[in-house]
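> Spelled out from the first residue to the last, the chains are:
2 protein chains.
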Amino acid sequence: MAHTLQAPTGLRDFYPADLLRRRYIEKLWRDTAIRHGFEEIDGPTFEHAELYKIKSGEGILNEMFGVFSGKDESQRAALAQGEAPYALRPEFTPTLARLYAAKAATLPKPCKWFWQQNCYRAEKPQRGRLREFMQWNCDVIGTENEPEAQARADAEVIGVSIALLALAGLQPERTSPGVTARICDRSIMQMWFASRGVPEVLMPLAFELRDRALKEPTERLHEVATRAGMGWDAQMSVLRARAIVVNAGAIKSHGPAVADVMDVSGFNLLDESLLSFGIDEWCRFDTTIARGLAYYTGMVFEVIAEGERAIAGGGRYDNLIELFGGPPTPAVGFGMGDVVLSLLLADKGLMPEGKDLLEALSAPAASFRPDAFVISNGTPEADAAVRPLVAKLRRGTESAAWLAKEGRKPWEAARYGSVGEDDPAARPVHARHTYKTTKNVGKLLKEASDQHARAAVIIESGEHATVRNLETREEQKDVPLNRVPGVIAGLVAG
Amino acid sequence: MAHTLQAPTGLRDFYPADLLRRRYIEKLWRDTAIRHGFEEIDGPTFEHAELYKIKSGEGILNEMFGVFSGKDESQRAALAQGEAPYALRPEFTPTLARLYAAKAATLPKPCKWFWQQNCYRAEKPQRGRLREFMQWNCDVIGTENEPEAQARADAEVIGVSIALLALAGLQPERTSPGVTARICDRSIMQMWFASRGVPEVLMPLAFELRDRALKEPTERLHEVATRAGMGWDAQMSVLRARAIVVNAGAIKSHGPAVADVMDVSGFNLLDESLLSFGIDEWCRFDTTIARGLAYYTGMVFEVIAEGERAIAGGGRYDNLIELFGGPPTPAVGFGMGDVVLSLLLADKGLMPEGKDLLEALSAPAASFRPDAFVISNGTPEADAAVRPLVAKLRRGTESAAWLAKEGRKPWEAARYGSVGEDDPAARPVHARHTYKTTKNVGKLLKEASDQHARAAVIIESGEHATVRNLETREEQKDVPLNRVPGVIAGLVAG
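Listed in order, the protein sequences are those of chains A and B. Under my numbering, the first residue of the first sequence carries the number 1, and numbering increases by one thereafter. Under my numbering, the first residue of the second sequence carries the number 495, and numbering increases by one thereafter.
Honestly, I wouldn't trust all of these hints.
Listed below are the simulated DSBU-like cross-link pairs for lysine-lysine, each with C-alpha atoms no more than 35 Å apart in a straight line [stated by the list, open to error]:
hint	chain 1	residue 1	chain 2	residue 2
1	B	Lys603	A	Lys355
2	A	Lys109	B	Lys521
3	A	Lys109	B	Lys842
Derived from the structure by calculation, the hints contain no laboratory data.
With the sequences and hints as input, model every part of the structure.
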């Protein structure tokens with residue numbers, strides 16, 4: 001009886017104060033995703049167990065919870081072997097791939113989807129790891145095939161994870177013992193491994209070993225590699241190669257000096273996108289990052305706090321949708337759990353309590369309607385200004401940075417109104433831009449209306465824009481770009 | 495493969511448009527619960543299977559999904575018998591009882607808890623019934639033992655379910671083919687059954703059969719009763735007694751004329767509370783309502799639309815907390831599922847779509863801080879005015895009724911500001927009152943501050959109140975009670 005009256009090991013009870021803290025994390029997640037133009041989806045809590053055999057990899061398969069209907073006696077023989085017809089979802093990506101593949105032909109391109117619900121893993125509970133935990137996923141699926149479009153999608157996804165950190169009050173690592181997104185690329189890594197004699201068939205093992213090398217003694221990993229038939233030079237490239245860490249924004253100037261280790265010039269396109277999104281100070285290229293999951297094909301990243309704790313991780317998985325029966329589809333995304341993030345925020349005094357928590361939860365949520373849809377007038381200068389402006393609108397980073405500098409907590413933003421170093425700065429809003437190639441302003445204004453945007457921002461040059469209220473048709477012309485966030489904030493406040 | 499790539503039978507995929515509709519239901523639920531002073535809790539998605547054997551009854555035990563860790567080989571023999579160590583929650587009440595019992599000594603009295611998450615039942619899927627569905631629970635646990643206090647808690651819980659219906663735009667049945675709360679009481683029913691010869695030991699079966707009599711042919715139920723040894727007179731009282739349906743508010747005038755059937759004068763106290771909460775037009779006493787679950791001990795009710803579809807059900811369960819290891823504790827609550835409610839709202843044109851849906855979801859959520867804490871100055875007239883005023887503040891029914899009369903949809907409220915027949919009427923707010931017996935206004939003002947209320951409303955007579963802004967200490971004196979909602983609305987809007 002005493003045992004029955006406790007939650008199963010590794011699962012949590014949430015009394016009201018606990019639940020409010022969880023809801024705070026969920027609100028940060030949802031508001032950030034919505035402001036970045038992601039739409040929420042969901043699937044079943046449990047799936048056919050075979051769904052996870054398609055691509056989740058041994059690590060996850062060994063930690064699944066089986067599910068069966070007590071009524072269904074036909075399953076008994078399989079159950080006796082430990083085989084269940086269903087499994088609690090250990091991760092969401094297989095469900096996402098199933099949903100996308102089933103309707104690929106009719107879905108918008110790209111699909112920007114987010115998801116935040118529970119996952120379940122039968123691993124040994126420890127600090128930062130539970131058997132039931134929440135996860136936030138953001139994915140961009142079905143971008144154009146051009147390397148530039150994919151680099152922008154990679155940067156957009158990394159940017160969402162960073163916007164969350166900023167909204168929670170965390171700081172980039174360059175300014176304090178803060179957080180960094182550490183970025184690598186499996187296709188670049190693979191070229192390097194191949195040049196050192198890792199055969200194609202051993203590539204998945206090579207990535208797995210490089211990931212494990214961050215956490216396990218190298219001798220054991222050499223043994224695994226030797227047993228698998230990997231040569232010594234190849235092993236050295238996988239397990240012992242000198243780590244290169246380059247600040248984002250510095251790839252071009254870094255030059256070819258280290259091309260004998262891994263060709264970091266391959267990060268050029270992504271570097272440019274990180275710069276244009278204004279998130280370079282949060283990012284580093286780091287050749288030790290490989291990620292454990294089998295399905296990544298290109299960019300991979302981890303968000304790491306204080307040099308050790310992983311808050312989030314993700315990457316590009318261009319082959320996965322096809323494996324689930326869909327067309328070949330480029331895709332990139334990440335997952336962030338609630339457990340490590342909650343511990344980190346509490347440690348840093350960034351989890352509100354009492355009245356602060358009630359106020360933080362009552363603060364206005366992100367609008368489901370886009371507050372602003374940003375359009376270029378078609379000139380190259382205006383084209384180049386779209387993404388930086390959208391990123392600025394979505395993050396409202398001036399406000400977060402100002403609060404931190406003043407020693408204020410992030411949830412005090414509401415009390416101070418729109419604050420910042422630039423005048424006027426503004427709180428984060430829901431901002432979008434087109435992913436289409438058309439330069440026809442009329443068509444783009446129609447897209448803004450179809451998405452029910454409140455305002456269109458038409459960039460007329462690298463420095464000025466017209467802001468049109470799509471409800472009233474009123475226009476403000478010649479608004480300097482750095483004043484657009486303030487104008488949109490005023491329009492949202494009504 | 496094709497089979498693997500579909501959601502398991504009876505479980506749902508939610509693409510963005512589907513998820514928005516689900517979030518609309520969730521928003522209606524959460525906003526209503528918070529405005530009524532309920533605090534959210536949560537527990538594990540799966541519990542020790544034995545937890546559900548304590549009191550859930552055969553109906554639910556037969557429809558459970560078993561859960562086990564694929565790693566744990568010690569379970570294989572039990573699994574071969576269809577026995578799993580864990581079960582997906584088929585309902586939340588056992589978890590709630592476990593949580594309350596574990597901390598009964600330190601929890602506030604009463605605890606007003608709500609919960610909205612998924613439940614799982616391995617039943618045959620059909621229209622309105624799925625294997626995974628959302629449920630909203632609101633419970634008041636640990637009220638005083640006096641019959642008056644319990645009748646008020648019963649009415650408060652019924653009132654929350656009705657406030658949800660009103661917020662969604664549904665109408666009471668007297669004005670259209672709408673919805674009604676149908677109320678009975680197992681203790682009154684039990685006295686009637688006992689007087690007709692149903693022995694104590696057969697009471698649980700009597701309630702079960704009376705519940706099933708609403709859906710199944712009576713002949714079969716007579717057979718069950720006969721096999722169990724129930725006499726003919728007793729069977730007639732359970733299965734064939736004439737139904738009495740009395741409008742709420744009419745119990746007193748209904749008189750003892752039908753005391754030969756079931757003594758409806760026992761509903762007197764509850765009837766008074768329903769009247770004082772202003773929800774009598776939504777309620778009927780109906781002697782056919784028994785509810786199926788084993789654990790109810792007093793008031794039971796079902797919310798029924800168009801005379802047939804059950805949207806919600808609940809009742810009093812005064813013995814349950816003790817069964818889970820806690821002290822004897824009066825408790826009352828209900829559950830409402832998302833599936834039937836969604837179908838009903840869609841059928842009635844009350845599920846917003848497109849831009850309306852995005853706006854409805856973006857409308858301000860209920861404040862986690864109480865907007866108003868209502869206090870009596872200690873006179874009997876003021877005492878009597880507290881609950882009616884709190885109920886009015888929480889429901890904002892004038893606004894909903896006005897919109898319906900004008901042929902407007904409920905989500906248009908934001909567009910019309912505060913509207914209503916009374917001037918000024920107001921939108922629903924988060925309102926509370928004390929559950930303590932003290933009449934000391936100073937102590938009650940301290941309770942308001944401790945709960946972080948924005949304003950205190952001190953009722954000075956049956957007709958006037960002082961509204962004190964607890965942030966600025968500003969006071970408005972001699973506010974007529976019917977203008978208090980408008981004053982609070984102004985204060986909330988800032």
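> Could you run down the list of hints and mark each one as holding or not?
Comparing the hints with the structure gives:
1. Pair hint B:Lys603 plus A:Lys355 holds up; C-alpha atoms about 21 Å apart against a cutoff of 35 Å.
2. Of the supplied pair hints, the one linking A:Lys109 and B:Lys521 holds, its CA atoms being roughly 29 Å apart against a limit of 35 Å.
3. Annotation: proposed proximity of A:Lys109 to B:Lys842 holds, straight-line Cα distance about 34 Å (limit 35 Å).
Comparing the model with each numbered hint stated earlier shows that all of them hold.
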